[in-house]
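Chains as they are written, first to last, in the working numbering: chain A, 1 to 252; chain B, 1 to 566.
Read the hints as simulated data drawn from the structure, not as lab findings. Keep in mind that the hints are not guaranteed to be accurate.
[To be verified] Distance windows between CB atoms, simulated:
#1 A:Arg-251 to B:Phe-539: 54 to 62 Å
#2 A:Lys-12 to B:Asn-333: 42 to 50 Å
#3 B:Arg-31 to A:Lys-12: 39 to 47 Å
#4 B:Lys-7 to A:Lys-12: 36 to 44 Å
#5 A:Thr-194 to B:Pro-74: 20 to 28 Å
The beta-carbon is built from N, C-alpha and C at its ideal position, and this holds for glycine as well.
Below, each chain spelled out in residue letters.
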Amino acid sequence: MRVILESKVRAKPNLPIEAEAIIPRNFLKGTDLLVYEGNKERTLSELFWIFVEGTAVSPENIEVILKGDTSRIKRVGEYMDTGSIVIEGDIGMHCGNFMSGGTIEIRGNADSWLGREMRGGTILCRGNASHYCATGYRGEKKGMQGGKVEVFGSTGDFCAEYLAGGTVHIHGSAGDFPGVEMRGGELIIEGDATRPCGNMKSGSCVILGTVHDMLPTFEKTRQRVLPEWKITADVYKGDVANRGKGTLCVRS
Amino acid sequence: MTEIWVKNACVIDPLNHINGEIMDIAIRDGRIVESVSDRADVIDAQRCLTLPGGIDSHTHVSGTKVNFGRYMSPEDMRAGRTKRKGKMHVTSGYYVPTTFGNSYRYSAMGYTTLLEGAMAPLEARHTHEEFTATPHQDMMANTLFDGNWAVMDAVREKDVRKTAAVVAWTLKAARGYGIKLTNPGGTEAWGFGEDLTGIHEMVPHFAVTPAEIITTMMRANELLKLPHSVHLHCNNLGKPGNYQTTLETFDIVPDLNPDRQTLYATHVQFHAYGGGTWKNICSKAEEITSSVNSRPQIVMDMGQIMFGRTMTMTADGPMEFNLHCLHHNKWSNHDVELETGSGIIPVTYSKKSAVNCIMWAIGLELALLTKNPYQCLLETDNPNGAPFVKYPEIIGLLMSKRYRDEECATLHPETEKRTSLCALERELNWHDIAVMTRAGQAKALGIVNQGKGHLGIGAEADIAIYPIRTDSVDPAREYRKVVEGFQKTRYTIKRGRVVSRDGDIIVDGANATFWVDAMVPEDLKMENDPEFIKRFEQFYTVRMSNYPVQDVYLPRGRRIETEVFT
């Protein structure tokens, strides 16, 4: 089954829409879902043109497609566990929060907090992602715990903060402090990064571009050839300031 | 003139020797009276358990420490969210909730009076501001003196009168209620980068020992005739083998007051560990309770821990640093100029941890092994051991051997070997619980003659009516009903007004703050003491004239004046 949601022109296009209801499972019973626009409760049909093609008996076979101006729609795919969502343009904050399965594909850019506290599933972002991509909630000890986030553009600051499991793959560059407080999982940055992996406890991080302001609390152990990236990398252990046992590989 | 007539109440009022009588209670203008007119509002209690309003004699709900706990734990604000409803504000948080969250949840459990366990005098304003935002409970603040330089100077000179004068001045300046000593000497030593391990060790730079501070403060406390006794958090909290220190401390307590205890030892569970390391830690609750059983001058409270996530916060800075070294979690330490310090760190008590299970068992052992319930009060050192919303579960555990056995079966197997909890058959009765949650507290805090903790004629009309029928519920078997019953009162009446019904707050609160104005002879007034003023102006970052809390911070302050000593 395919559900196409095309956003209507709104009188106040900057008002955020809180759309945690947009997950494939919810469309099994129809399209009468409630979302908030600002502080007003709206039905989905007030904000979107809805087209449904085909039928589905289980949520795995449901594909939700968002079209039009979707850059102010927040929490799409929150607690999503199966099925797929395709966003043809940009998406607002908190897309894929707590996601545990299924796929989200964003063809434009993603705003902050993409895949926060994700537990499983896949998020593909063809454009850039903003700050706090694949991280945790403020104050919480564990961030993303499983699944995969792949960003084909660049990310903002604090990408993969408190990463505890799963894979984060950034094809472009990361901003300041990627992988800070990492506790596990894998972070790959193909571009540049600034001050990566501060207070890292465990897990591994590979940076193929240039590292700016490398933290002095990482201990260089050896050089290693990384065949999958076809480079030779310096392998650092850290963050030694807090007895961390993480691995940080930086192109030599 | 407001009048309420509570009829058909099954009253347990230990201080007036009433145990389960079906009776009526008449309330006029916030006080309990003989009779009311027939225009009074009638509340039919339907023979449900009716107790004086609950009193928590050691809790951390207001002040800088609690607030820093809130700063540190944004993730806690995801829990416990409730919407605005009638007179109720929004609340959020579980172990460090918003002030209204604290107040509403205490009220729903029938608590009407709270003692904030530790207030640094320098930060008293903040505490009093939060008191006014905790509107459904009368508040009191224990004032920290553990590292007070002027006190330690007076103690070194062995001058009890001078010590008393410093205490009186500071209590008045901070609008405090009683003397709190948290790891006396230890926190101040920590401020200089050192640590104490026993009560007979010298505090560096001050040439006094914790034992001297404790004994001098107890004498000063009785000289000032303060309503509450010295409130002590013993040295060496949370270290395996610390029961020795606790016993040594109990040994130096004289019996100075016929009406109440001379020492209130708080959260003793954290001070009753045997062994030498975390690997061989064991319970020494039997040694501690046999000491308390033979000393009527000591009252303690349990400091029970319950499993789950919570936040530890105390003026005991060094202990929090040790805890941080154990957990590697976020933490904070803080020094309060010439007075004390503090530390905050989140913890999770887990059933998989042998140490946590033993701690859990020790708290219960203390309560079950203490013969006189007036000497072991129920509390969790909220939120250090557990948030106060866990009190009903603790009541259930104390009243039912079966509940304890069922819980024990889910714990780490070492618990049975290193504690004697499973062998204890005692099950507390309704009367014991009423003592451990209100009457005992009122007596220990010295607020019985303020009309707290009992339902006699003239008492403040603070009443909690629980949906429990004591004649038909067997707490040993139906402990779930007991736990549920104590979680939510049918009615909580505070100073003659129904504030909470079935857990919902229905009025805006108007609490009072009790504080003690201790009188000293003219020649001992610290505000005229040139040496005191000189040292104050030299070392504090605030002027002495800006230091005392103005009355505007206590919109409903209630001053308790003591007799002047000679």
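How the hints compare with the structure:
| no. | hint | in the structure |
| --- | --- | --- |
| 1 | A:Arg-251 to B:Phe-539: 54 to 62 Å | holds, 56 Å |
| 2 | A:Lys-12 to B:Asn-333: 42 to 50 Å | holds, 48 Å |
| 3 | B:Arg-31 to A:Lys-12: 39 to 47 Å | violated, 57 Å |
| 4 | B:Lys-7 to A:Lys-12: 36 to 44 Å | violated, 58 Å |
| 5 | A:Thr-194 to B:Pro-74: 20 to 28 Å | holds, 25 Å |
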